[in-house]
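2 protein chains.
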Amino acid sequence: MQFGTVATARASTAGPSTAWTSAAARTPEGWRALPAPDLSAYLAGGGTLGPDTALGELLPHARPIAPLPSPAKVVCCGLNYGEHIRETGRELPTHPTLFAKYADSLVGPDDDVSLAAGTDVDWEAELAVVVGAEIRGADRSTAAAAIAGFTVANDVSVRDWQYRTLQWFQGKAWDRSTPTGPVVVTPDEVDPTAGLTVSCRVNGEEVQRDSTATLVFDPADLLAYISTFTVLRPGDLVLTGTPGGVGTARDPQRFLADGDVLETEIEGIGLLRNTIRLTD
Amino acid sequence: MQFGTVATARASTAGPSTAWTSAAARTPEGWRALPAPDLSAYLAGGGTLGPDTALGELLPHARPIAPLPSPAKVVCCGLNYGEHIRETGRELPTHPTLFAKYADSLVGPDDDVSLAAGTDVDWEAELAVVVGAEIRGADRSTAAAAIAGFTVANDVSVRDWQYRTLQWFQGKAWDRSTPTGPVVVTPDEVDPTAGLTVSCRVNGEEVQRDSTATLVFDPADLLAYISTFTVLRPGDLVLTGTPGGVGTARDPQRFLADGDVLETEIEGIGLLRNTIRLTD
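The listed protein sequences derive, respectively, from chains A and B.
Residue numbers are given in the UniProt record's numbering: position 104 of the first sequence equals residue 104, and the series is strictly consecutive.
Residue numbers are given in the UniProt record's numbering: position 125 of the second sequence equals residue 125, and the series is strictly consecutive.
Bound conformation, chain A alone (with noise of 0.2 Å):
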């Protein structure tokens, strides 16, 4: 099944309508509400995804935003491609390389990226993971059973500040902008272990492309990990890294350009289509 938070219309007594933002399931019908203003909301407060989600009224012109607008964790990881760590010479790493971003740098669907005019900024398609069930020191299995779903994220790297110091997170925690959606698959229907296509094009033109059965430790090993060190709990976001093809690694290197279009797609769950605005 697929879920997410939606921008729709309300009809108001008092006047003309007003926006609004729902949790909500995308049905053949269209959008149904899950009772709660957003995803995030509707995971802390117990809710679940699947069969037996209780659906509610059908929400008229329903727009996916971001699923989930208020992760307490978005823990990230890099380095996690085989095929890409491979072509570039390097062995296979025995642990997952981490680091964190906030709700704040979290955009949806359709939304423009904002950063700084004259930075280098960089593409990173991923697959992320939404965490549905509290999790600590939790083993394989009991990390895949807590996985609530799957949707799109675009990592998108500020590369000059990322490489100013050794450690990353200044170069990967800009307020908005990071791309997430449209929808959160549920496992039952997509199975990133067996391998889902992510790509990411510039304008158009692919710059990204490979499968997450590629990924080095999958969506369940991660939760895993993390969890070992830090408690898990529902609507926390694992991204799972990003495949060859980015930006500061061609020759000549490229960045994005103020009105560049990002779009960001894997196989099964659907497609981001960001503007890039860069601005002083």
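Don't read these hints as lab results, they were simulated from the structure.
Positions of the beta carbon are idealized from the N, C-alpha and C atoms, including for glycine.
If you anchor each label on the Cβ, the simulated ranges turn out as follows: (1) Glu134(A) x Asp112(B): 16 to 24 Å; (2) Glu91(B) x Arg250(A): 28 to 36 Å; (3) Thr279(B) x Gly30(A): 47 to 55 Å; (4) Thr48(A) x Ala194(B): 52 to 60 Å.
Fit chain B to the given chain A structure using the hints.
Coordinates of chain B only, in the frame set by chain A:
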């Protein structure tokens, strides 16, 4: 002035007294209540810390606990003490090295620090800055004005996990690893840029001592820099880095053992006294 979050006892009409927490101000007569269950909630609700803060009832048997239990952002700086950097022969950094940890990492001034047996646990005494106003793209003077106060922290680090990969996060973000408190002291009482002595002791033996006057990036510098890429809000916490003397840099290396007592002190702010618990 000095503020904090305290555990106290409230007489219950229904039976025996129940454990209870409150944001509070330390006055000559004792702790007086602020209208929130803790300083995180107080600051998030628009409360300010200063001479105009309205004080409530005197709280009986109050004991300071972690002052900020739920910051949305805990940003940490590494490699920030000039004397220590110079003595290692490195050049002074041009940009702060930043990484993140979580509210789940924080414990109070006399809580146990609970980590996994068999890991390399090290001390890092640090000054922490409490954000008191929302800032984005702040200059130095705006950032300075946004400081609500200062507290003591120990960025206790799991070195073997920190150095498993290039990114330190997984050695820094362990739950219940980072003592904080005992109070938040407002900027009219202490001036870290002029110099406060930071010290750390293990079982009574001094292992770190330096002055915050040698910080390469002082509190206002750090808040301004971070606010360039992500908004800081009331209650967020910024850890400013640790002086020389950590266990991993010693020859031979020295790490903390189960039962060790870690004391972290900053002149004019206070003392943390935490027992290390390493369990399977």
